[in-house]
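Residues per chain, in single letters:
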Amino acid sequence: MRTTVFSFILASFILIFLQSPTYAENTIKIGVTGAHQGDLASYGLPSLKATQLVVKDINSQGGINGVPIELLAEDDGCKPEVATNVATKLVAAGVKAVIGHVCSGPTKATLPIYRDANVVVISPAATTPNLSQDGTYQNFFRTIAADDAQARLQTDFTLQTLKAKKIAILHDKGDYGKGLAEYARTFIEQSKDAKVVLFEGVTPGAVDYSAVIQKIKRSNADAVLFGGYHPEASKIVGQMRQKRLTIPFVSDDGVKDATFLKVAGKDAEGVYATGPADVSNNPIAIMYRDKFRAAEGAEPGSFFDNAVAAALALTQAMIKAGTADADALIKALRTQKVATPFGDITFDDRGEPVGIGFFIYQVQNGRFVLVQ
Amino acid sequence: MITRHDLRHAGLTGLWFMFLTFPLVVIKINPIEHTVHWRWSNMVWIGVVSFLASLTIRLVQGRRRTGENEKQQSLLQTSVRQFDLLRRPAFFRAALITSSVLLISFPLFFSSYQVNILTTALMYVVLGLGLNIVVGMAGLLDLGYVAFYAVGAYTYALLHLHFNLGFWMVLPIGGLLGALFGLLLGFPVLRLRGDYLAIVTLAFGQIVRLILENWSEFSKGPSGIANIARPGLFGLTLSPEATITYLYYLMIGLVGLTVFVVNRLQNSRIGRAWQALREDEIACQAMGIDKTKIKLSAFALGATWAGMAGVFFAAKTTFVNPASFTFIESAIILCIVVLGGMGSIAGVMVGALILILLPEYLRAVADYRMLAFGAILVVMMIVRPQGLIAPKRRTYTLPSTHNPVNSSDVPASDR
Amino acid sequence: MEYFIELLFSGLTRGSIYALIALGYTMVYGIIGLINFAHGEMYMIGAFTGLIVAEILLIYQFPLPAVFVLTALAAVIWSSAYGFTVERIAYRPLRKAPRLAPLISAIGMSIFLQNYVQLVQTADFLPFPSLIPEFAFLEPYAGIIGSTDAAILVVSLIAMLLLSVMVKWTRIGKAMRATAQDQKMALLVGVNVDRIISFTFILGSGLAAIGGVLIASHVGQINVFIGFIAGIKAFTAAVLGGIGSIPGAVLGSYVLGLTESLTTGYVSSDYEDVFAFALLVLILIFRPSGLLGKASVDKV
Chain A
200 MRTTVFSFIL ASFILIFLQS PTYAENTIKI GVTGAHQGDL ASYGLPSLKA
250 TQLVVKDINS QGGINGVPIE LLAEDDGCKP EVATNVATKL VAAGVKAVIG
300 HVCSGPTKAT LPIYRDANVV VISPAATTPN LSQDGTYQNF FRTIAADDAQ
350 ARLQTDFTLQ TLKAKKIAIL HDKGDYGKGL AEYARTFIEQ SKDAKVVLFE
400 GVTPGAVDYS AVIQKIKRSN ADAVLFGGYH PEASKIVGQM RQKRLTIPFV
450 SDDGVKDATF LKVAGKDAEG VYATGPADVS NNPIAIMYRD KFRAAEGAEP
500 GSFFDNAVAA ALALTQAMIK AGTADADALI KALRTQKVAT PFGDITFDDR
550 GEPVGIGFFI YQVQNGRFVL VQ
Chain B
16 MITRHDLRHA GLTGLWFMFL TFPLVVIKIN PIEHTVHWRW SNMVWIGVVS
66 FLASLTIRLV QGRRRTGENE KQQSLLQTSV RQFDLLRRPA FFRAALITSS
116 VLLISFPLFF SSYQVNILTT ALMYVVLGLG LNIVVGMAGL LDLGYVAFYA
166 VGAYTYALLH LHFNLGFWMV LPIGGLLGAL FGLLLGFPVL RLRGDYLAIV
216 TLAFGQIVRL ILENWSEFSK GPSGIANIAR PGLFGLTLSP EATITYLYYL
266 MIGLVGLTVF VVNRLQNSRI GRAWQALRED EIACQAMGID KTKIKLSAFA
316 LGATWAGMAG VFFAAKTTFV NPASFTFIES AIILCIVVLG GMGSIAGVMV
366 GALILILLPE YLRAVADYRM LAFGAILVVM MIVRPQGLIA PKRRTYTLPS
416 THNPVNSSDV PASDR
Chain C
9 MEYFIELLFS GLTRGSIYAL IALGYTMVYG IIGLINFAHG EMYMIGAFTG
59 LIVAEILLIY QFPLPAVFVL TALAAVIWSS AYGFTVERIA YRPLRKAPRL
109 APLISAIGMS IFLQNYVQLV QTADFLPFPS LIPEFAFLEP YAGIIGSTDA
159 AILVVSLIAM LLLSVMVKWT RIGKAMRATA QDQKMALLVG VNVDRIISFT
209 FILGSGLAAI GGVLIASHVG QINVFIGFIA GIKAFTAAVL GGIGSIPGAV
259 LGSYVLGLTE SLTTGYVSSD YEDVFAFALL VLILIFRPSG LLGKASVDKV
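Top to bottom, those sequences are chains A, B and C.
Taking the working numbering, I'd label the letters of the first sequence as residues 200 to 571.
Taking the working numbering, I'd label the letters of the second sequence as residues 16 to 430.
Taking the working numbering, I'd label the letters of the third sequence as residues 9 to 308.
Worth flagging that the hints you see were computed from the coordinates, not collected in a lab.
We treat Cβ as the ideally placed atom computed from N, Cα and C, and that holds for glycine.
Any given hint could turn out to be false.
[Stated by the list, open to error] Some chain B residues flagged as far from chain A (calculated, every beta-carbon gap over 10 Å):
(1) 105
(2) 115
(3) 184
(4) 333
(5) 336
[Stated by the list, open to error] Each computed EDC-like pair below joins lysine to aspartate or glutamate, with the alpha-carbon atoms no more than 16 Å apart:
(6) 365(A) with 347(A)
(7) 235(B) with 381(A)
(8) 302(C) with 210(B)
(9) 365(A) with 421(A)
(10) 416(A) with 132(C)
(11) 104(C) with 202(C)
(12) 43(B) with 132(C)
Pulled out of the complex, with its shape left as it was, chain A reads as follows (with noise of 0.2 Å):
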């Protein structure tokens, strides 16, 4: 047995001399991190087959002035404390630039990572607003719109055209479903048209959210904002028709997914949901997503378009700035336009895209359809 435990020791010292591999040093380095396992792989995933997408065709095009890109691709596992460690092994691996973190929480743990060693992150999918607004990060960029632009959309739908005048708001009580109710929250009481008469959370992965529904039921409200993931929305809605409870519910991105109406089946009829600009008619779009399609015969899922435009602006940006320099990049970013799945975008001071914005679209026969 001994001699088992001694081998295992020797084993994981054998793995550590392993790991530490020699990278060619004549490529730019390009790190990829979000979820790429376990129970959020599916936001996470996507990204990745984008930006390789995106890679592939840079470099056969010869790269980035003669030089190639490589893709270092690290699992967060949307967990912060992982994804310290992500980023310390991609500044040390020596990459120029981050497509991710896809989730909230890493980013704002690893932006301060980056910032010291000074490179450029392009979030496709975290939507935190106080990532940016405050100015502290220089280096952070996102290809999609920030939740209280999401929440603004969502209350502006609600109160002017379902003119609702009690609303029930409920939460995931996580970082992103929270964050949002709070802003609608905050919107609602502004704006002095109407009542929020409820706001709670709910536990994720519980197993019945009868009661939550009866008290919706109770507060005699007109329309129920939510704010998290497709998971936890279609078990409400589902409830909710069980109970007879048909009142409008308002939803937001992390439920415009395919996932939600193959779950909430006929239960989703009528759902609203905020999410971003239909891309299917743009050529860009319709290229990487026709790419995908025959790479790994299916459909891409969530935030595909948004790393494509994240990947694409990253990339086109080195090109015109003739470096992967940090300095010379963020002013390309900022200055440059550039041609993504949401047509030409460019960046604010504040690494806010300019030109993705927030729709509301609307289950009817099984499909997101725009209404607004």
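Given chain A, put chains B and C in place with the hints provided.
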């Protein structure tokens, strides 16, 4: 030697696993398009692999059984000699010096990423040693240990946010608050024993996390607290790489302190009392030990280390949110203690290094990483239920009756 | 008042869901004193097997009652098989090991099974068809209790009754009690202890599988992590009621479910779990062996 009986048994095992894994491994349905995908080749693989695995296990076990009688005597001798080798002060000192030199020179040879994950592993050494006081020495099963870790982390995060206190100031405060929460948990559970104690500690851990998650005014809720300062070094600003190395050496220092204190505690009056409590609560009371006092001291002293490790965690990641303090974290720390060897300091250290570094290096096998992790836990427990390095009791032998074969033939933990 | 009744039924639904899983926990604990962390995975495997079988049957357009019966049957068969195998591999070799070794083995098994299903199936959420038909006689009360809720409530009560009767009066039940009391003595009076323990695991896992199918049709979706979350709650419920006691597990589940729903109704669902766990701590302070558990007497 493979007998027909062995083959039959292995064949049956293969068939059983083919049946067992049939629906999940062979059939894959697409509930959206309502199509079924049959993967028969997987079934063949399962059958072949489990057949061979079963055969190998039987052969190994069979050989061990036949060889046992002849070898027993010599085996005993060598194992005793090995045990003695470990116990000899000269060997112990040599091992200690080698490993210290290795640890201290580590950042010189490896990249900052390697240093960083080793720092994480060392943090778990401190956590493991702290939990070892409660579970290993005092025998109180604690499934909510991560709560104290969270207390430490949030102590630093909040004190830094509101009062701009530095790391060095908060480190002792974190330890103290950890101890305070340890007492807070200790009082209500004084009467509970065994698994009822376990579930209350689990509930306590959940309550602490849920409060951090829901009481946004106090803790900023699920969005967490960012931009926590790293420890300072006399006001110098360090480059990212230097910071990582600096954190690493700080962590080595903390581990050294923990090992020193825990070691002293173990052989102290109170450490003996904990062990008496673990062996038998009633007998322990009958010996005149104040049960209340030593139970509370175990919880408080165990929690102190988690509090300090928490402060360190906040300083290292510069960001805390409640998602880092879930039940699974408590379970992993418990695994470190049990896998390493309950009550053994060296065991806990080895356990932490293996369990924390293993998933990092298993990244090479990506998809199978956690599968392998789970399987390794099970296999290790079956092969070595008392842990990798079983604790040894301090024994006093009279010189005249000294007989090496008798004094160490039963590992202490088997009792 | 009406609101209270609505909350009451919400609580009962939740409680019955916990009860279906808690019964298995309590039986295994009662027999070998092991917190079987992998029990939640049996429930998850039952739900997955159920989904696979149900989908195939629905593709071939079987009538709904037949689909339900066959699905439940398949789920029970395979979950029991997994329960049996897990006991043989991960717990039986550790029967004489130190107390915490089987616990760690169970945690390892739980991680292993989750990742195994994730690898061979998927980590995504999958829709689960609703297998319980809408009962017409419940339609007037649809705002209070749904058909699936009613089915879960009834099944959990029947399961509790049958188990209690079995443990009390049948031969195998007596053998189970003997094993629980003293394995060595049971062996001496001719009880096949190994077989009884295997039987307990098979029974517990089978029950969890029925729970898996029913709860999945109630929730409408499954993924590989449902076992873990439900497992912790069910375990809490089992301890609350007095672990090892069959009626205790059900009572504990109802108390837990009602606490959660009343907290949500009258305080806030933000704190439902905090109240549930605080109640557990409170009850255990005053009744250290749970609501219906027997205090164990130690002799030196």
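Quick rundown of the hints versus the structure:
1. 105: Label holds. Min Cβ-Cβ 19 Å, cutoff 10 Å.
2. 115: Consistent with the label, residue 115(B) stays out of reach of chain A, its closest Cβ about 16 Å off (over 10 Å).
3. 184: holds (21 Å)
4. 333: violated (6 Å)
5. 336: violated (6 Å)
6. 365(A) with 347(A): violated (21 Å)
7. 235(B) with 381(A): The given pair, whose Cα atoms are some 12 Å apart, holds under the 16 Å limit.
8. 302(C) with 210(B): holds (14 Å)
9. 365(A) with 421(A): Judged against 16 Å, a Cα distance of about 6 Å means the pair holds.
10. 416(A) with 132(C): violated (31 Å)
11. 104(C) with 202(C): holds (13 Å)
12. 43(B) with 132(C): Between residue 43(B) and residue 132(C) the Cα gap is close to 13 Å, so the pair holds against 16 Å.
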